[in-house]
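Chains as they are written, first to last, in our numbering: chain A, 1 to 69; chain B, 1 to 218; chain C, 1 to 444.
Think of the hints as simulated: they come from the structure by calculation, not from any bench. The reader is advised that the hints may include incorrect statements.
[Claimed, not checked] Partial selection, computed: residues in chain C whose CB lies under 8 Å from chain A: (1) A53; (2) Y56; (3) P203; (4) R204; (5) W236; (6) P351; (7) N354; (8) L385; (9) G390; (10) A391.
Ideal Cβ positions, reconstructed from N, Cα and C, are used throughout, including at glycine.
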Amino acid sequence: MRKELRVDPTACSGHGLCAELVPELVTLDEWGYPIIARGPVPPALDKHVRRAVTDCPVLALKLLPPAGR
Amino acid sequence: MNGITQSTALWYASRATGVVSLLLLTGVVLLGMLVNRQGRLPGFPRFVVTGLHRNLSLLAVAFVAVHVITAIADSYVSIQLAAIVIPFTSSYKPVWLGLGAVSLDLVLALIVTSLLRARMSRRVWRGLHWFSYAAWGSAVVHSLYSSTDLHHGVLLYTAIACWLAVAIAGCWRMAHAGREIPREGRAAATLEMMSPGRGPRRGRREAPAAQRPGADIR
Amino acid sequence: MTPGTTVPQSAGSRWDQPRGQRHQHPGSGLPRLFPASGAVPVDLRTHLSRFTALPYLGQPGRLIPVLKAAGLTGRGGAAFPVHRKLAAVADAATRPVVIGNGAEGEPASDKDKSLLWISPHLVLDGLQLAAETVGSAAVGLYVHRNDRLQDQLRAAVAERAEARLDRIPVEIIDAPPRFLAGEESALASRISGEPAMPRFKPPRVFERGVAGRPTLVHNVETLAHLALIARYGPDWFRGAGTADEPGSMLCTLHQADGRRDVVETQLGTPLGSLVQLGPGTQAVLSGGYHGAWLAAEDAGQLTLSNADLRPAGSFVGAGVLAALPADRCGIAETARVTRYLALESAGQCGPCFNGLPRIAAALGEVASPRPDPRAVTDMMRWAGLVEGRGACHHPDGTVRFVRSALQVFGEEIRLHTQGRCVDPARRPFLPLPARTAMDPADWN
């Protein structure tokens, strides 16, 4: 099962690196917080997503099994 | 240069890499503050600040390693291997070299904990990372008194520039920490910002003070 | 005949609740959770004489199929099937914790406080049975700081300990006076020694809750029903309510004339027999401050059931039903409550602490005469921005509440653009706490 990119909003403080590193999945709202596309991460973006997860200064990004929301 | 009558290539290498290490450490500390304040290097994307902070810190360790190894290898002064990491145990200038060891220990701890960041609680990592200031500070004192290189000339000005940069940036950083609104007060602060007379904000471009509405409220 | 037992702030409910002609299982009628005698606290002796002794089942897990057959769902607002929660925690099998959630942060809801005051032993029975079912040796009851109530509960717990009724000692735990204090993960945080602020999920509390242990959290009313089902069985429980939504529940009713009652009623009861829907009422709020407004004429067609309320944009929730008098401004009331909800944000998640206050400010603008026409469009944009982007459902619930107001009070909004209002004095109606302190200690 491919994983989904999600953000822990309690940790996120709006640095915005994720939107720079994976613009295909992440845009910033008018306050600088990430809006992340739902659904499994396309394989082509795996590398970039993993980098975003590692580079987030507050480690707010997580790769999780898709939630049945 | 006065005072050194029997310098060797190793001794010069140690001093040179020491200076570079100090510059790199200063850069790392400044970049760290920039990351925290969500700042940017003009013309570069944000991920460059984080990336540079990390890469320069690794580069600094490399230079510190050379600095330390050449100092040990050099036979002019006797510095025990263990004194690299156990502070104040060297027979040559124990206090000043000891501070160098303190700085190295701290830098290693910071790097190891940062590499293992995902495996520890956020609070623990953050608490430990505050020691970066102590690592830089002890490196500064170590650099000032381990040799007389920084007491005159270009190197003196370079050192002063490093201290001033960190001092000024540090004040900016601490000033913001003082103004930071705790979680419990953020919604109230936002509401205050939206008080009647201003009208509802339409987005980034029309915010009054900060570039982003609520930018102070993080 | 009085419908259910009420805990009146005044003399008692006047509304005659039609019982229906359906055959009732013997003894399956109401009231169940409250004594027929009225709002007097039931002491242990009375409790034991009315209900028989605590029916321990002797082994973990035994109660789960019973609860599944009964179809009991959570009475804290989410209506999650109780047997599934119990099964999830029982399966975890590593030192689970059981917490009865009596932190009724919703200002318009009184039912948990009333239940704990009048029938604490039913709740405490339920706690013991739940603990036995999941194999827990750590049990707590989480209640707001109310000295009288907490003292009463401590006395009840002590009485039961003396009578050797409880197998696991029950700890009474302080909940801070916040709207979100009763949220599952906020509860787990608080009991773990941190401020009562919601956490990101996963993991959910039944996986990792208090001190990292699997935690079963049930609303106190749910536990009371559980305690009765264990005694009388699933068929008895299904003797009230509907086939899909069985049983009875406690509701807090706010009538247009200002009276405020807690009643026990069955699911499926017509809303019109719970709140007065005459010409003096323009709208009904169902589901509390995270619920939705219904126009009075629509409410008249609906029953107290998710089957009816969900399609109408609302839900049963924790049973709060508030009638808005015809001579009050629905937008002003919504603006007041939304401001409260915005200030109750934990301040952790950017979209929430940025979006909710802006929405509240925009609503305040709409509630004033000749509002800025951009206010509604801004509000809708922000509403779209905050939904689903918090660690908890606070932004979602608030947006549901606000959207329903824009729909139901559309006519009122139009009046405002012309500088008119049904109630220019904007007299407050819905209950809100007087406290507005932003003291950090308030979250601990």
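Hint by hint, where does the structure go against what was stated? Just the numbers, ascending. Per hint list: 1, 2, 3, 4, 5 violated.
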